[in-house]
Structure formats: C-alpha cells, structure tokens
Amino acid sequence: MQSVLDIQHITKEFIIGGEKAPYQSLREVLSNPFNRKRNGANLKFKALDDVSFSVQPGESIGIIGRNGAGKSTLLKILSGITPPTEGRVISRGRIASLLEVGTGFHPELTGRENVYMNGSILGMRKWEIDKHFDAIIDFSGIEKFLDTPLKRYSSGMQLRLAFAVAAHLEPEVLVVDEVLAVGDAEFQKKCLGKMNEVSRSGRTILFVSHDLSAVSTLTRKCLFLERGKVRCFDTTSNAINQYTSTQARHAIHIIPAVPGRPTVTKVELITSENGSVHGFGLPLGFEFEIEMPEAEQRNMALSVQVFNHLNFPVLYNWVFDIETPILRNKGTNKIKLEYPALSLYKGNYYLRVHLAETKQKNKFQEFDCCPFEVEMLNRKEPEWGWQENVCQYFDTASWMIGGQAAKLQSPQQL
Amino acid sequence: MSTEYIIERQHRFSLGLKELIRYRELFYFFTWRDIKVKYKQAALGFLWAVLQPLLMMMIFTLIFSRGLNVHSEGIPYPVFALSGLVIWNIFSSGLLNSANSMVTNANIIKKIYFPRLIIPMSAILTALFDFCFALVVYIGVILYYGHHTDWLRVFYSLPISIILTVLTTFGLGTFLAALNVKYRDFQYVIPFMIQFLLFVNPVLYSSKIFDHGWLVWVMKLNPLANAINISRGAFTGMPVDWEGVGLSFMVAMLIFFIGIYTFRKTEAYFADLA
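Chain order of the listed sequences is A and B. Each residue of the first sequence is one higher than the one before, counting from 692 in our numbering. Each residue of the second sequence is one higher than the one before, counting from 5 in our numbering.
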C-alpha cells in the first residue's frame, strides 16, 4: 500500500547566537553590513538531523522523546509552519495540525464567532463549520454561553470549545501536539476517546505526548527521537521501553511551588543503589515535600503509584488526612513512605504522584516522575538467568511435589 | 488517492495564488474579526468610523483654512481636506495595520499554517471598510456645501484613486510587515514614516504649490498624490493628469511587487523569527 506520509531525510538547522533574540535589531545590521556572521557566535544547531520514516494510511504514530529532542520541530515542519533546511515530506492527503488548542481565539468575540474564526484558521470551510456546528457545540457543552464573549468563559470552557472545534476537523492526516496536558481528567478522557474514534475511522494521527499511557493506548507504532535523530521507529511498546530505559534518571524531582495552592515541590526516590537503580527485595523510600499555602487545611490526600514500562500501575499507596492527620502546617511539610522489602521484579518503573483534597474532590496535582530500574542485584541467578518481562512481582513460595516440600523458590541472596 | 502535497524548502519564487484561492474564506474571517474587535468595546461603535474623518476635517479646516489660509483651489476647504483625507486614511491605517499585522498575529503564525499574505491583505481590507463610512461623511459634506460637483467624474475617479492607493499601501505594508518580523525597529519607524508622508503628500494643501521642475516629476510619479488629485479634481475641475496617473500606476505596481516579493521570500521563516 502507498504510504500516506513520506518523511525523507528531514534536517532542520537553527542558527543560535548565544543569548541573542531570534529577531535582529536594525542597528546590528547597519553597523556591520558586510559581516554576515554577526557577534561571531553563529552556531548552527540541528533540531532535526536526517529524520526519515513513512506512515501507512490509517496508522497512528506516537512521537516520543525528551524535551528538546525535536518533536515539536518535526510537527511544525509537517504542519508547514516552518520549512525543513534539507529533505522533504510527501503527503498524500490534507494535513491538519493541532499544535495548540484555540489558535486564533479572540477574547472579545463570542463563543459562536470564535468557532467560525478558529475553524477557518484550522482549514475548515465555512460550509463545513456550518455542517458540524451543532455537533461542535454539543461536544463542548457550552450552548448556554454561545453568545457570550470568550473573555467571560472559564479556562476550562475555552478549552472544551477549542477542542470541540478541532475534533471536527476531517483531514487525512491529523498532527496533534501535547494539547491534552491541559484540562481535567474527564476532559482528557473525552479527547482521547475522540482521537481513538478518529484513528479507527481510517485517518492517520501523529501524536506527540509526554503521557506515555496516552501514547500507548492511541498508537501502535512510535517514533522515538533523541537529539534530533531517530533513535527507533518500532512498535509502541518497544519504543516506549527504549525511551524509559534511556530517560535521565533523576531520583529527585523538583516542581516550583504554585502560590496559593498546595503543591508537591519535591519527590525524592531513595533506591538502594546510585543512578536510580534499585536492588530487588531491599528497602525503597519515597520522600515528599509539600508546600501548603495555609495551616490547618483539612482532607488532604497524598497517594503514589508505581507504573511499569507498559504504563500499567503495579503498586499503589496512600495517606489520607481523614485517617491520619497530614499536611496541617503552613509552608513545607515532609512526608516519607517506605517499603521495607520491595518485591518488584526487575524492570523499568516510574512514579505517579497525586495530591488531592477529598471533601471537595479537588485534584491539585498528578504527575509522573522518578523513573527507576529494579535489578536482581546480588541474587542467585536461575539456570536461564533473570528474564525480562516474565512478571512484575516475585515472592518466596514453596513447591510441593508428591506431598513433599521439594524446593523453596526464592530469590536467594548470594 | 487525493492530491500530493510536498513540503520542502522553497527555491523558486511563486505568488502562491492557488493557495490564496483555496484559503479565500480566511480573508473574510480575518477582516471580519478585526472589524468586530475594533468596534466591539466602543460604546459608540461604528459611529467612530464616521466621527473620525469628520473630526479630522474640522481640525484641519480650523488650522489650515482659518489659521494659515491655505489655498484650496477654489473649493470650500472642508471638501478639499476631506477629499484628501478619505484617500489618505486608507493608506495610513492600512499601512499601520498591515505592517504590524505579522507581529500582532505572531501567536497564530507560530501554531498553524495558512498563506501568510492573508494577514496583511485583511488588514488593508479592514481599512477599506472604514473608508466606506468615511465615504458617507464625504458625500454628506459635499451635499452640505452644495458645491458644483462632476458626479460622473467622481464615479470613475474614485475607483482609480482606490486602486492606486491600495496597490501602494499593500506593497509598502507587506514590505514593512516582512521587515518588522525580522527587525522590530520598524514598529517605531512606521508611525514617523506615516506622519512624514502626510506632510509630503498634497492631502492638506494643493499640489499646485509644487511648480519646480523636479518636484513636479516627483508628484507625477507619486501614486498617492495622483490618487488624491484625481478624486479631488471632480470638485475643483482640475483636468485629470493621465500621464501622471499612468506613471504612478507603474510606480504603484513596482512597490506592490517589491512588497510581495520580499514578503514571500521571507515568510517561510516568520515562525522561526517571530
């Protein structure tokens, strides 16, 4: 079958001049008209370096990689916003891109007017918008405020309206950047559902996200970019596996405090070894620092999940204020959780931390952090070695053969 | 399979007309947005579009006619000033809007692709919309003064004036819009430029004061001066200087193409620079 997208040797170079702004001042040019290399610091930076891959019709491709790996640049090139320095893209269908929700939204215009404005900027014809108008409003759930200026909308309403417009685009190829990172969990679910629907209808989606579980549910294939180069283009689970295993192992995760809002500002993972490597069966600790805007705030809840490389949760633990008083002090509160002997099997894992308030059901934070690796360190190896992906959890058990205890199966320490 | 699109570095120059036609509805939406936003928060709304030329006319009449006793080719000075101002306003607000349009719409440019020319073009369409209101004032003032008017001449001279003005405005506007993305200095240069040009063009005074050899030629080549003279002639009875119209039309076309050429050459990198 002919591919719908052919990306051929795409390279994108940026010229970086240190701290200089990307636009120039006329004075700089006038004062030195013949010197093309101004400031002597004309460094070239390759945001993308010889990237090639092709996409079959109906395939959904995830694009993953660390910040600065070139994901957004690739999407910008595919959307036609910026040209590649070398190479080319052949597309056999219309590409619509959604790099931001609500591009072209204007606060002074009403909801109705913004639907038309945004829709036409996204490449919809007026009759298409007319056709989908009711469906868009229905999806967004803002029909009461249709003729209210956008500036009176809550940010959640704006987001729902924006996504509703984008969801009704009908291009052959849809390019989506990390637009789902905003919005509450319910909304995210709705968006993912819509995107799933789109991909099942035979259209192609290119999807960038840091949310690996979203990538793994939406896509079968993934492009893993590293420093502008294709590290691998493979099945999603293989690509994600490679990605998590190369992620920088920051055992400490720092988040800036949000004024007036409870915030987990620091998560530290205390593994048995350096470099976020943890030995099987050894004590594992999690330390949290939580910034509280005021004292005596009730009903707070902190919970932590451990996910495996396939984004399945394998471990969960929590502490609720209604059971055990926590986070009652203004300023920094410290909480520690420790597993005395964690029996997670070898593999790659990461944490997901939730901070919430149980009474009003406010979710303050939910984020992934602290990837770590469990290794069967100093354990007696079985005949065939410690194989990968055979289990998540391993514990002592005894085999009885013919009523007789034959073997105690346990990862014995050397 | 549907059409093939190729995304790569542009080596050859093209106007991209096909694309502009495909995205034609965006002209309407951008213009419509700018007009809506411009008048939405104002209590007087569209009345401003009428008041603005009226107030300008009154101020200039006060200063130039009463104060300085400027020669107005034998017609009432308010009619004289307004005949220049309606044309001048297309140019000044069109130029200001279009030259800044790429910077003000930078957030859109960085996130979505569409032919970039639509933005400065819509900015000028917005100025033309205001012109329609000014025209009402203009006709009202003419009728009020009851001056002898060659209406047939108004009918054919106004479109010629508008074409000359729009071509010039568009050329200069796109040229400056492209430079503005790269060199933000132009944000400060443009208002000065417009002020300067107001006094260089025969908006508030008669072009007859230029009677020296080379100055006459400058006026003949100047599309704005010709645009003003030709529409003003319907009242003053000054014959149409067809030679000047022809020459300045060529100048206007030249400005138009230089503007579009510069814009098209640099537009691919707007998203990187903005």
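Honestly, the hints are just simulated from the structure, not real lab data. Just so it is clear, CB atoms sit at the ideal spot from N, CA and C, and this is done for glycine as well. Please note that the accuracy of each hint is not assured.
[What the hints assert, rightly or not] Capping the alpha-carbon separation at 25 Å, the derived lysine-lysine pairs in BS3-like fashion look like this:
no., chain 1, residue 1, chain 2, residue 2
1, A, 842, B, 44
2, B, 186, A, 737
3, A, 842, B, 186
4, A, 822, B, 40
5, A, 735, B, 186
6, A, 920, B, 44
7, B, 22, A, 817
8, A, 817, B, 42
9, B, 269, A, 735
10, B, 186, A, 835
11, B, 212, A, 737
12, A, 1071, A, 1027
13, B, 114, B, 42
14, A, 817, B, 186
15, A, 1052, A, 1021
16, A, 842, B, 22
17, A, 817, B, 269
18, B, 40, A, 735
19, A, 842, B, 269
20, A, 737, B, 114
[As the list claims (entries may be wrong)] Which residues of chain A face chain B? A partial, calculated answer using Cβ under 8 Å:
no., residue
21, 768
22, 804
23, 811
24, 1102
(message) Just to be careful, I want the Cα atoms of residue 817 of chain A and residue 269 of chain B compared with a cutoff of 25 Å; is the pair within it?
(response) 30 Å, violated
(message) Can you verify the interface hint for residue 804 of chain A: is its Cβ closer than 8 Å to any Cβ in chain B?
(response) With Cβ-Cβ at 7 Å, under 8 Å, it holds.
(message) residue 842 of chain A and residue 44 of chain B were given as a pair; does the straight-line alpha-carbon distance stay at or below 25 Å?
(response) Measuring from Cα to Cα gives roughly 13 Å; hence the hint holds.
(message) Run the distance test for residue 737 of chain A versus residue 114 of chain B: straight-line Cα separation, threshold 25 Å.
(response) 19 Å, holds
(request) Given the hint that residue 186 of chain B pairs with residue 737 of chain A, test it: the Cα-Cα distance must not exceed 25 Å. (result) Measuring from Cα to Cα gives roughly 21 Å; hence the hint holds.
(request) Below or equal to 25 Å on CA atoms is what counts here, so check residue 269 of chain B against residue 735 of chain A. (result) 21 Å, holds
(message) For a C-alpha distance cap of 25 Å, please report whether residue 920 of chain A and residue 44 of chain B respect it.
(response) 49 Å, violated
(message) Need the status of pair residue 212 of chain B, residue 737 of chain A: alpha-carbon distance at most 25 Å?
(response) Given that 25 Å is the threshold and the Cα spacing comes to 60 Å, the pair is violated.
(request) Below or equal to 25 Å on CA atoms is what counts here, so check residue 40 of chain B against residue 735 of chain A. (result) 44 Å, violated
(message) residue 811 of chain A was flagged as interface toward chain B. Is the shortest Cβ-Cβ separation under 8 Å?
(response) Because about 5 Å separates residue 811 of chain A from the closest Cβ in chain B, which is inside the 8 Å limit, the hint holds.
(message) Between the alpha carbons of residue 186 of chain B and residue 835 of chain A, is the straight-line distance 25 Å or under?
(response) Distance of about 44 Å is beyond 25 Å: violated.
(request) For the pair we were handed, residue 1052 of chain A and residue 1021 of chain A, check the Cα-Cα distance against 25 Å. (result) 21 Å, holds
Hints 3, 6, 10, 11, 12, 14, 16, 17, 18, 19, 24, counting from the list given before, are not met by this structure.
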